[in-house]
Amino acid sequence: MTNKSGTVADDVIVVEGLRVVRGGREVLPDLTVRVPRGQVVGLLGPSGGGKSTLMRAVVGVQVIERGTVRVLGEEAGSPSLRHRVGYLTQAPSVYGDLSVRHNVAYLARVLGVGGDAVDRAIAAVDLTDHADVRVENLSGGQESRANLACTLVGDPDVLVLDEPTVGLDPVLRRELWDLFRRLAAQGRTLLVSSHVMDEAVRCDRLVLLRQGRILSDSTLPELLERTGTTDAEQAFLALIDGADRDGGEAA
Amino acid sequence: MNPRITLATAGRILRQLRGDHRTVALMLVVPCVLLGLLAWIYADAPIDVFDRIGPALLGVFPFVVMFVVTSVATLRERTSGTLERLLTTPLGKADLMLGYALAFGAMAVAQAVVATAFSVWPAGLDIAGPLWLLVVIALFDALLGTALGLLASGFARTEFQAVQFMPAFVLPQFLLCGLLVPRDQLPTVLEWISNVLPLSYAVDAMKDVTVQTHPLPDVVPSLAFIALWIAASLALGSLTLRRRTP
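Protein chains in written order, with my numbering: chain Y, 1 to 251; chain A, 1001 to 1246.
None of these hints come from the bench; they were simulated from the model.
All C-beta atoms, glycine included, are put in the ideal place defined by N, C-alpha and C.
One or more of the hints may lead you astray.
[To be verified] Listed below are several chain Y residues computed to face chain A (Cβ distance under 10 Å; list not exhaustive):
1. LEU88
2. PRO92
3. LEU98
4. GLY154
[What the hints assert, rightly or not] Chain Y side only, calculated, beta carbon under 10 Å to chain A, not exhaustive:
5. ARG22
6. GLY23
7. PRO46
8. GLY67
9. TYR95
10. ALA108
[Claimed, not checked] If you want the footprint, here are the derived chain Y segments under chain A, 3+ residues with CB under 8 Å:
11. 80-87
12. 121-130
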């Protein structure tokens, strides 16, 4: 089944030949990646590798040099996608001088969702007890959860989450990953970046990004088998060593 | 643009202001303290200088205060990532700019009412024209400050820079607005410049209300000129708000 752009219709995010230059530096030279519907795709790799830039391109706030980025069959960032794509920035993009509830309620009004969406989003990130606390008085982990609640409130079809679990304790990380799995089971598509390799286990597919290039794009079992390792971190290191060796030989 | 989103944005900005009691107090009290000080300085002057300068300052305060508040607030949105997220939502640039204009316009009306009341009663300012017109002019000045503040924040990378834009945008207008030297006695080139700067018209309008019983025919053209500046600044400011950034 293909649509008019020639892509498989169930690929929700389609990035082809993407080149991005930021501050005179080529962050993504030529990147092609697809994210199928209903999957949680983990974007892993060292910081500075281009994860956030790719996510910015997918939500349509990144100036791109070349290539195409399509989400749900539309060009990334087009007006019809703005209700359907939820973006979580890496730095908490919440108003410190407003309470959690008022932050989430503002996004809800912008997105035109009403009813108990605000309460549900706050409950989903386990902040119900802190709903009326000003964000600047929260801990770092609570602040990043408040940020996530703002992304969840519009109930988007596609979630682009840049480091959603950074700074959270293991229990909360597990809870959030359970939530991501539930959202995917309901047919939503998630692109989640992380540099915590043990979160790889919770992803349907892993895209390992280093220096703007994809080192690997497969399921975890495939990755482990290919590299002959037992966990994501070792697999990743093996891939990096392999890439460096190849690069060295080529030079 | 969408009225629901514009109003939600204005409401959110007002709620942020309401949580910041000190800023609100400063916005309302500082103009009164300065006007009171001015009245006191000229208390023993042979001619009533305060009647000449007081109204002009009523026009300057909302402009300066709203310029600073808006440029810092919007710079914060740009640098904190809140703007980046908002621009991935259905929010339009106009929603954001009008949201700021509505919120700070409301704040400016409160400031103008307090400052005008203080000038007229405790400080003893003589106003020949209708008082409500002073508030209307103050509102235009505040919107001008908000619009120029939005524009200036597009050229600032840090809050330090944003604050430094205040003297850069405001002081030349203040020097040329006719308060220090009547505008028709300025050197020719400066007079031309003063003829296109919006604060000159704000101060002229305030003066008209002070001395004329029926100042409306003179005030309306001044307000129209200020409105032109507001529209141009908002249009230029919207160019600095880009959904896609490098």
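Outcome of the hint check:
no.	hint	result
1	LEU88	holds (8 Å)
2	PRO92	holds (7 Å)
3	LEU98	holds (6 Å)
4	GLY154	holds (8 Å)
5	ARG22	holds (6 Å)
6	GLY23	holds (7 Å)
7	PRO46	violated (22 Å)
8	GLY67	violated (14 Å)
9	TYR95	holds (6 Å)
10	ALA108	holds (9 Å)
11	80-87	holds (count 4)
12	121-130	violated (count 0)
The structure fails to meet hints 7, 8, 12 from the earlier list, while all remaining hints are met.
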